[in-house]
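Novice: Chains as they are written, first to last, in our numbering: chain A, 1 to 543; chain B, 544 to 1086.
Hints may contain errors.
[What the hints assert, rightly or not] Quick list of in silico lysine to any residue cross-link-like pairs, SDA-like style, CA-CA up to 25 Å:
#1 K923(B) / M341(A)
#2 K270(A) / T587(B)
#3 K270(A) / L667(B)
#4 K923(B) / P66(A)
#5 K813(B) / E78(A)
#6 K270(A) / G668(B)
#7 K94(A) / K983(B)
#8 K1028(B) / D340(A)
#9 K813(B) / I498(A)
#10 K1028(B) / L199(A)
#11 K67(A) / D936(B)
#12 K1028(B) / A497(A)
#13 K983(B) / D367(A)
#14 K923(B) / I498(A)
#15 K440(A) / I963(B)
#16 K129(A) / L871(B)
#17 K813(B) / A40(A)
#18 K983(B) / I420(A)
#19 K672(B) / D340(A)
#20 K1028(B) / V470(A)
#21 K672(B) / K440(A)
#22 K672(B) / D205(A)
#23 K485(A) / P841(B)
#24 K380(A) / D367(A)
#25 K485(A) / E975(B)
#26 K129(A) / D876(B)
#27 K94(A) / N738(B)
#28 K983(B) / P66(A)
No lab work stands behind these hints, which were simulated from the structure alone.
Protein chains: 2
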Amino acid sequence: MSTSTTPSTPTDLDLHGAFHVYDTTLRDGMQQEGLNPTVADKLTIARHLDGLGVGFIEGGWPGANPKDTAFFRRAVAELDLKHARLVAFGATRKAGAVAADDPQVAGLRESGAGVVTLVAKSHLGHVEKALRTTPAENLAMIRDTVAHLRAEGQQVFLDAEHFFDGYRLDRAYALEVLRTAYDAGAEVAALCDTNGGMLPGWVADVVHDVIESAGVRVGIHCHNDTGLAVANTLAAVEAGATHVQGCINGYGERTGNADLVNVVANLELKLDRQVLPPGLLREATRIAHAVAEVTNVPPSARQPYVGTSAFAHKAGLHASAIKVDPDLYQHMDPGDVGNDMRLLVSDMAGRASIELKGRELGFDLSDAPDVVTRVTARVKEMEAHGYTFEAADASFELLLIEEAEGARPSYFDVESWRVITETLTHARPGEEAVSEATVKLRAEDVRYVVTGEGNGPVNALDQALRSAIVQAYPEIGRFELIDFKVRILDQGHGTDAITRVLIETSDGASSWVTVGVGANVIEASWEALVDSITYGLLRHRQP
Amino acid sequence: MSTSTTPSTPTDLDLHGAFHVYDTTLRDGMQQEGLNPTVADKLTIARHLDGLGVGFIEGGWPGANPKDTAFFRRAVAELDLKHARLVAFGATRKAGAVAADDPQVAGLRESGAGVVTLVAKSHLGHVEKALRTTPAENLAMIRDTVAHLRAEGQQVFLDAEHFFDGYRLDRAYALEVLRTAYDAGAEVAALCDTNGGMLPGWVADVVHDVIESAGVRVGIHCHNDTGLAVANTLAAVEAGATHVQGCINGYGERTGNADLVNVVANLELKLDRQVLPPGLLREATRIAHAVAEVTNVPPSARQPYVGTSAFAHKAGLHASAIKVDPDLYQHMDPGDVGNDMRLLVSDMAGRASIELKGRELGFDLSDAPDVVTRVTARVKEMEAHGYTFEAADASFELLLIEEAEGARPSYFDVESWRVITETLTHARPGEEAVSEATVKLRAEDVRYVVTGEGNGPVNALDQALRSAIVQAYPEIGRFELIDFKVRILDQGHGTDAITRVLIETSDGASSWVTVGVGANVIEASWEALVDSITYGLLRHRQP
């Protein structure tokens, strides 16, 4: 617990060890405008990042706000990381303080994370104007904090904030900052282009000089303000950096951080450097989209490597040649990042994927070309109206059965429903409204008229629907609605835009997703609810 | 009209003339999935591009489809271009045909465009498998077509399709293609990374070699499949290319083309090369957004240089220093591209950013530390409950006024509201439900009980609220709800999760965003609706 403990010698440091793929989605990525994840969201994202095989997951700044503190407490207890190490981000001790007694440093020390990344100033203007201390005290703050955390058994990395601008202003001081951290036991000096204004050639020159002159292990942290975050990161690696920082989907403040999947895909597929555990890059598309579901930021179709349009070809001029030799028209095999080639106009692509999807769900459609034709046409038509079946496998399967067997599975017949939401008289702002739903339906030849209450209209409808059906089908007592997502399509038309609702339901053992679409959000939710119960019953009542 | 006319000698070619900024938004950009502009849209975009000062506007392929043919007819007659020259894109003559007699070539010749860009194969695999002709005939097709169009008085550029892949396969043939076009009178050989798989270092090496070995003026045309389109374009320029192709907003097939504004801003602001008429780069943000309005593709907030988040700052850490010296935190003056610095209010923000945000909204809080304390505390508390004020400036301003002046602006007093959503009896799947809302409130000492109908519950509430208030405040007749976003927070708890609603309202001249949060989606929407009307009235009724 004392800063006088001798720091570990460099011999036990991973100074020349494996290449570091360092993800900062949960810290720097969440600085993006509009992102405000819950602790549960952050835990889910961490699991996805681990599934991608990144080496380090920077989880946030324990102590800086209650959410990040809670995240570390739960992450240490609940996450069972297979590939990644958890990293706490924080600052050096306050000017004039003692590292061991600094409460912010205590937050890092007690976070339970095996690695701490300390952000430090390497730019004299920032030392003076933002930190309001002297260059010498800044060095002491770095030295003391690194040494203290090392002595307490944590691995320490340095984020040299505003490094490139600082280097231009005073090269000697910028290098001294890195060397100070290194001598105190920091394993990596990540050079941060905090304002994001660099070009690749400039980054390469500085990284070369730092490695030569300061003799430290160099990492790189780039922002995309010039549209060059990925290029700058690659330039640093080609100049000798062995630690890359970035975010999934390029999330981050302003224009975002370097898109980590782009960086990794370029390193592995273009420069033949294996930086993730073998095979895991093939999970990239799935994981990038899964994280976008959690953040609820619609993923860009044009995203390199993982976008839904990244390997889409407008037919016409190229169509016949693509059939002869797809490699003439794509820079790599889309499967290497878990993506797929798509032909946008060709009916063949649609049919083939419907057939494939059917097989995945246990339907052999190879001898039923007419069913494939009908399903393809209905999917195209419904997608044009706002449906999506990519995530809603259960709704797709119901549609497939309807076309293959001539009728949709049906366990109940809804007569009508109604839901009322109202406030108390003279409700104060913030006082919750209550919802009450009435559903009339027939199941197994019995007519039910039931009412459900809820803290929202969909919740009330769900309660009413269940309380009717459970009398006929007791097994739905086990079904639980575990996720509910609303997306407004065709934005710019206000409250009369089209709404898409995705509902995930679990029976304890597994879960399924259904979709509903409509101008009315309640109607769309109802459609997805009915599908979810129908699909669950189908699954449970099948032999 | 004869191909035997001697091609103009290089002396009248602009081989070493001014740098070319060449826009292909209207041709390659429109290959983007989902883009399908009308002729009028294309004319509007062309005017915007001319306003940005690009040197060349590639308008499409006259003769390939009726829309492009109509575009050229109208463009020649109606556009009064100040800076740009109009370019027709097309192919070389058919194998075995005569250029002067080829109908496709006639379309180019008769387009009225002063410049023609001919796409040609420089990759032996494509010559063989896509073009299905011999290497020698491909060269003849290039030679004849260039010479013919030159003789007819048009300027000719060559787009060497799949050049980089072709160069790897057979360098000598790829160079021969360029040289053939040059000798026949083409002014620029644009090297196309058609499949988008290149890295900057590779591009630089090839451009160097082409300039040295083929002695032609080199242009560059990059796609963003590796996330490096801008970097690859800059690398080509640094290696000697003097003609850059790209699209506004990075539109284009798959992952898009190089974002032309990024390329130009980097050239002008980072590499000190003036490539647009002086002062016009300051129009970039306005024009990028105006074009997005025409294409109806919501612009990315994170777009480098021109995105609404490109100069937005969120972290509390930075805010105090931003007050001291903004240049410490931005890589350039946002005004240089017509953008602005913005400060975001969030739970990561401290007192300093609240004070700065207040100043931005016209409140001087430097002498009111207690107000800053109260606002900071309330923002943190409300954000912990799911509110976000980053986007919801109007709700933040109402909160600020409440704390600064002791009371929230209030123009009406809501007694109660109720909304009913129901289906018809025996409604079929897909048949829309209807919503009906009743609102009771007092405004200007009159009590109103009004009912509104809508295709959704929020729409119905909006209608009812307006029809009551408009009687007291006629100006709200001009307010229109233009965007409505729903985000389910704390997912994993099904339909009883917390819901956040953001509403954007316009008065025709400007727009504002408000936020509502609650377990009940209707309640949350109502809160945001009331804020939106209150804020609009505040703004319109202030002296």
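Novice: Between K813(B) and A40(A), does the CA-CA distance stay at or below 25 Å?
Specialist: 42 Å, violated
Novice: Does T587(B) sit within 25 Å of K270(A), going by the straight-line distance between their CA atoms?
Specialist: 40 Å, violated
Novice: Does E975(B) lie within 25 Å of K485(A) when you go C-alpha to C-alpha?
Specialist: Since the Cα atoms of K485(A) and E975(B) sit roughly 20 Å apart, the hinted pair holds (cutoff 25 Å).
Novice: Under the criterion that the straight-line Cα-Cα distance not exceed 25 Å, is the pair K983(B), P66(A) satisfied?
Specialist: 40 Å, violated
Novice: Given the hint that K94(A) pairs with N738(B), test it: the Cα-Cα distance must not exceed 25 Å.
Specialist: Violated, at roughly 52 Å.
Novice: Mind checking the alpha carbons of K672(B) and K440(A) for me, to see if they're no more than 25 Å apart?
Specialist: Judged against 25 Å, a Cα distance of about 64 Å means the pair is violated.
Novice: Straight-line Cα separation of K94(A) and K983(B) no greater than 25 Å?
Specialist: Cα-Cα ~56 Å, so violated.
Novice: Check whether the Cα positions of K672(B) and D340(A) lie no farther apart than 25 Å.
Specialist: Roughly 23 Å separates the two Cα atoms, so the pair holds.
Novice: Given the hinted pair K440(A) and I963(B), is their Cα-Cα distance within 25 Å?
Specialist: 16 Å, holds
Novice: Given the hint that K1028(B) pairs with L199(A), does the C-alpha gap stay at or below 25 Å?
Specialist: 37 Å, violated
Novice: Has the given pair, K813(B) with E78(A), been kept, meaning a C-alpha gap of at most 25 Å?
Specialist: Not satisfied, since the Cα-Cα distance of roughly 47 Å exceeds 25 Å.
Novice: Quick one, are K672(B) and D205(A) close enough, alpha carbons at most 25 Å?
Specialist: 43 Å, violated
Checked against the numbered hints above, the structure breaks hints 1, 2, 5, 7, 8, 9, 10, 13, 14, 17, 20, 21, 22, 27 and 28 and satisfies the rest.
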